[in-house]
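Enquirer: Sequence:
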Amino acid sequence: MFKMFLIKYAEIAIKGKNRYLFEDALVEQIRHALKQVEGSFEVTKESGRVYVSCLSEYDFDEVVEALKRVFGIVGICPVVHIEDKGFENLADEVVRYMGQMYPGQKKSFKVMTRRIKKTYPMESMEVSAELGGRILDAFPELSVDVHEPQIVLHVEIRKTIYIYSETIPGPGGMPIGTNGKAMLLLSGGIDSPVAGYMIAKRGVKIDAVYFHAPPYTSERAKQKVVDLAKLVARYSGPIHLKVVNFTDIQLYIYDKCPHDELTIIMRRYMMRIAQSLAKEEGCLGLITGESIGQVASQTMQSLAVTNEVCTMPVYRPLIGFDKQEIVTIAEKIDTYETSILPFEDCCTIFVAKHPVTKPNLKSIQRSETKLTENIDALVQTAIETAETIVCE
83 MFKMFLIKYA
93 EIAIKGKNRY
103 LFEDALVEQI
113 RHALKQVEGS
123 FEVTKESGRV
133 YVSCLSEYDF
143 DEVVEALKRV
153 FGIVGICPVV
163 HIEDKGFENL
173 ADEVVRYMGQ
183 MYPGQKKSFK
193 VMTRRIKKTY
203 PMESMEVSAE
213 LGGRILDAFP
223 ELSVDVHEPQ
233 IVLHVEIRKT
243 IYIYSETIPG
253 PGGMPIGTNG
263 KAMLLLSGGI
273 DSPVAGYMIA
283 KRGVKIDAVY
293 FHAPPYTSER
303 AKQKVVDLAK
313 LVARYSGPIH
323 LKVVNFTDIQ
333 LYIYDKCPHD
343 ELTIIMRRYM
353 MRIAQSLAKE
363 EGCLGLITGE
373 SIGQVASQTM
383 QSLAVTNEVC
393 TMPVYRPLIG
403 FDKQEIVTIA
413 EKIDTYETSI
423 LPFEDCCTIF
433 VAKHPVTKPN
443 LKSIQRSETK
453 LTENIDALVQ
463 TAIETAETIV
473 CE
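Counting the sequence shown from 1 gives a position; my numbering is that position plus 82.
If you're looking for bench data, these hints aren't it; they were derived computationally from the structure. Do not rely on the hints blindly, as some may be mistaken.
To be verified - Here are the simulated distance ranges between beta carbons:
(1) L443 x G402: 31 to 37 Å
(2) I471 x M207: 23 to 29 Å
(3) A92 x K452: 51 to 57 Å
(4) R101 x K263: 18 to 24 Å
(5) G402 x E455: 36 to 42 Å
In this text the structure is predicted, and so the values were computed from the model without any measurement. All residues carry an ideal CB built from backbone N, CA and C; glycine is no exception.
All chains should be modelled from the sequences, with the hints used to inform the complete structure.
Expert: Next up, the structure:
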C-alpha cells in the first residue's frame, strides 16, 4: 500500500541559513541506514520535507526500524502519494485509504488539509469539509470530532498530493556529524554505551577507546565491548574502536601506589591516554558514563580529581541519572543484555577493597610521582600499540 514515507524533523527547522546543511546530513544518514535493508530506495528533500521513495519490494517493518535509529527524525509517516488529477480523484483515493487503514472501525476523525499549491481551485477548509463528507458517506460507523479525534487524516496538496494518518515516533535529536566528534571511554558495563548513544543523539560523531588488560581480562570481555560498539553504531554510524593494552600500566600503578588510590590513579591515566587518542582523531571532547555517587570513582571529589588531568571537555550525559533510568535506556537501545554478560573489564579486576571516596588532589599527585621512572614510556607504548577495530 505504501510506496513512500514522509520524514518529519523538529530542531533542524529552526537552524536558519544553515538549515540545508542539517537537512543534507539527515538525508545522508537515512541513505546509510537504508543500505542495511533489502530493497531499493530514493531519499529526497523538497520544501522543508524529506521523503523516502520505495522503488522496489521491501519489508515495511524493517524499513521503519531502520528509520527509527536515525537521529534527527521525529516522525515517520507512511504516505499514499498521488498525482493531482482533480478533486474527484483525490476524494476516491481518500475513501480507498480510509477503507484500507480502518476497516469497520468505529472511530472519530478529522481531516487536516495543507494547500501549499496555491493554484489548487479549492481552499484548505473547503477540501477538508468535502473530504470529511465523502468519508462519512462511505463509512457511517465513523464520526467527526474536530477537537480530540482518534484519527487525523492529513492531506498535503503540493505539486503532487500526499495522504497519511499515522506518525511513527522517531528518536529525535540531530543528524550525526553536525556537531563535531568526541571520544567515548567504552567499558563492558551498562553506562558507557548509553552515554555514547545520548551524545550521538545530539549530532556528535563518536569514536571509542577500550582499556584491555590481558590476561586479567579475557578475549570474551574484549568481544563484549566490540559487540556493544556495534549496537551503538546502529544509531551513531561506524565507530572506530581503539583497544588499548593497559596491563603494564595497571601493574605498575598497583606496585608503586597506595591501594586505596588505585582506582583514581588508574582512571586518571585512562583519561590521559583517551585524550591523546582523541586529539589524534580530531575529537573535540571525551565522553564517559559516570553518574554522581554511583561508585567510589564517581563521587564529586573523585570526578574533580579525574578531571584535573584533562585539557579538553569531558561530557557526562548520565551525571544526574540513577541506575534504573540508565537501565531503561540501555534496554531501549538493546545494549542491556550484552552489558550484563559476566565478562569483567580491567577496572573491576584491580579494584581495592576500600577505595578512597574523597581523594585529595595533592595526595594523588604525590603518589603519582612514584611512577615517574617508567610511566611515560608505558603510556607511549600503550598509545602506539593500540588496535583499531571498525564497528558498524
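Enquirer: Against the earlier hints, flag every one the structure doesn't satisfy and list their numbers going up.
Expert: Result: hints 1 and 2 break, sorted rising.
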